[in-house]
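Input sequences plus hints: build the corresponding full structure.
Okay, here's what each chain looks like letter by letter:
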Amino acid sequence: MIAVSASGLTRTFQGGGQALERFTFEVPRGEVHGLLGPNGAGKTTLCRILSTVLLPTGGSASVLGRDVVRDAAHVRRSVGVVFGGDRGVYGRLTARQNLNFWAALHGLSGRALRERVAVLLERTGLTGRADERVDHFSRGMKQRLHLARGLVADPPVLILDEPTAGMDPIAAHEFRDLVAQLRDDGRTVLLTTHDTAEAEAVCDRVTLMRRGAVLATGSPSSVAGLVTSQDRISASGVPAAVVAELVARPEVVVLDGSGGDRVELETSGDTTGEVLHLLVDAGVTRLVRGRPSLEEAYLRLLRRQGMAVDR
Amino acid sequence: MQSLRVIGRSAAVAFADARAIYTWRTWTFGWLGRMLAQVVFFTYLGTKVGGAEQTVRLVLGNAVMTSVVESLSVVASTGWERMSGTLPLLVAAPTRPVWVFFGRSLQWPVSGTATSLVALFGLAPLFGVSWQAAQVPAVVALVGLAALGSYCFGLLLAALVLRAYGLRNVVSNAAYLLMMPLCGVLVPAEVLPGPARAVGALLPLTHVLTALRGVVAHSPPAAVLVPTGMAVLTTIGWFAAASFAFDVLVRGARRSGTLDLT
Ligand SMILES: Nc1ncnc2c1ncn2[C@@H]1O[C@H](COP(=O)(O)OP(=O)(O)OP(=O)(O)O)[C@@H](O)[C@H]1O
Ligand SMILES: [Mg+2]
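Residue numbers (UniProt numbering), protein chains in the order written: chain A, 1 to 311; chain B, 1 to 262.
These are computed hints drawn from the structure, not numbers from a lab.
Incorrect hints may have been included.
To be verified - Facing chain A, according to a computed beta carbon distance under 8 Å, are these residues of chain B, among others:
#1 45
#2 49
#3 88
#4 89
All residues carry an ideal CB built from backbone N, CA and C; glycine is no exception.
Below, the structure is given as structure tokens:
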């Protein structure tokens with residue numbers, strides 16, 4: 001079953017700015033789906049439309065089969081949203097009071113509410129600070145609170161817009177475990193991030209966006225495969241003669257051969273096997289064979305844009 | 001039931017705001033003191049120009065007015081929701097926004113009711129009003145109703161100026177200044193021109209003051225109950241209008257993409 005879908009989704013702003021342009025994708029139930037793309041690509045706009053906070057100007061989108069415009073009330077009950085940043089919390093309330101508030105808005109009360117809030121504080125590592133005022137929280141702690149708030153209604157679909165922005169590396173890593181738990185619960189997660197390693201680690205599939213449209217979509221490795229069908233070999237402790245021999249072969253692309261006994265190569269097909277044999281026969285043991293990373297694919301697909309934001 | 005719970009939790013946010021602004025000491029010596037001084041000042045001026053009946057009108061009106069002033073703070077404090085960046089999250093939640101906004105500023109009518117009651121029971125006797133124990137419940141109920149009615153009216157104004165945040169103080173001050181002459185705080189409704197009287201009749205405060213003067217004058221029950229009923233009805237009307245205005249606001253902001261209102 002499809003959890004989230006968009007078809008020809010378009011959003012134009014007054015003044016002519018076009019944030020989404022015939023954006024089409026589908027996320028099956030239970031999938032963790034990443035949205036990647038440069039600043040201004042339209043990721044947040046898509047998240048806002050799916051969470052019923054913004055209306056599309058064209059096309060359609062639905063969550064669990066319910067249209068986000070016609071059936072917004074239904075969609076709101078099945079979606080949890082987390083928008084990143086410092087805002088969106090009541091600074092004068094404690095973390096627990098903040099969650100109590102949102103839990104009540106989602107129809108919880110009494111014991112069910114108290115237990116749910118306690119579980120979420122535990123899950124996001126905030127139990128020790130639960131009764132402190134939130135305006136004294138660091139950015140990353142507010143971000144954890146946002147995450148807990150997004151989960152308060154136990155929603156089957158979660159929309160997370162840059163959920164790890166501002167988190168320290170340990171927290172960001174714990175976040176990966178949390179997403180894995182959410183997937184194990186059977187939830188569908190749509191996640192925007194600028195961290196390709198994070199996307200690679202937690203996402204079943206990713207959509208690369210640019211100028212409000214889909215540039216590529218698929219598993220992180222298949223998207224990475226789009227930019228090159230080459231195998232990647234990196235080795236160190238390679239004798240100089242072997243390096244010279246590799247450099248001399250026309251069907252081998254040497255990415256980095258300047259580091260003395262280190263080489264990084266791109267090959268394909270039968271050549272890959274020949275090169276591996278050559279290296280192993282020369283006694284090289286520190287050897288990694290892999291595909292290009294998602295990060296590299298991202299950079300290559302978007303390179304021409306340079307530092308410019310999308311529009 | 002669900003909406004009551006939402007109001008309750010939103011009121012918890014409201015009282016957390018109040019605790020951050022006031023302590024018992026600053027409320028008693030700052031806010032309450034200032035309001036009582038204002039009641040005494042206006043009433044005392046009035047004794048110089050009018051008779052005993054006018055003095056009673058002024059002291060009752062100004063005492064109740066303190067709760068109105070404070071209830072109208074809802075116009076400004078609803079805008080705090082904008083600054084905390086919670087509006088998009090409220091819209092994404094499966095609850096009508098009006099319940100949240102109704103609870104969200106309840107500290108004002110509660111504090112306002114307390115201020116007015118201190119003024120009525122503490123100051124009005126200095127200006128010739130005498131209270132009997134049997135009148136107390138009616139007075140408390142009427143003051144609460146005045147605060148609630150003005151609060152609901154203020155909630156509508158809040159919805160209207162939420163986008164135009166810079167107008168919030170102008171609007172609540174203008175509302176307050178217009179209510180003074182229109183609602184019978186200063187002069188009897190009979191001296192007002194027809195249209196002004198009609199506007200006054202739409203405001204709960206007008207009817208509460210009529211009822212309160214009836215209580216003070218030991219008038220027959222109908223002279224108190226009829227205006228009380230009118231106050232209740234107009235209060236419900238303003239609440240419905242506010243609810244509608246919040247829905248329109250949200251619909252428009254979803255269309256234009258201005259829900260963040262940063
Ligand atoms: N309310 C708005 N009014 C006008 N233009 C807007 C509005 N919201 C977004 N845009 C424009 O739409 C485009 C897409 O913005 P969006 O926030 O969706 O990008 P994003 O992919 O989330 O970027 P980032 O990575 O920086 O978060 C941008 O050009 C932005 O300026
Ligand atoms: Mg964004």
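Item to check | Hints the structure fails to honour | outcome: 1, 2
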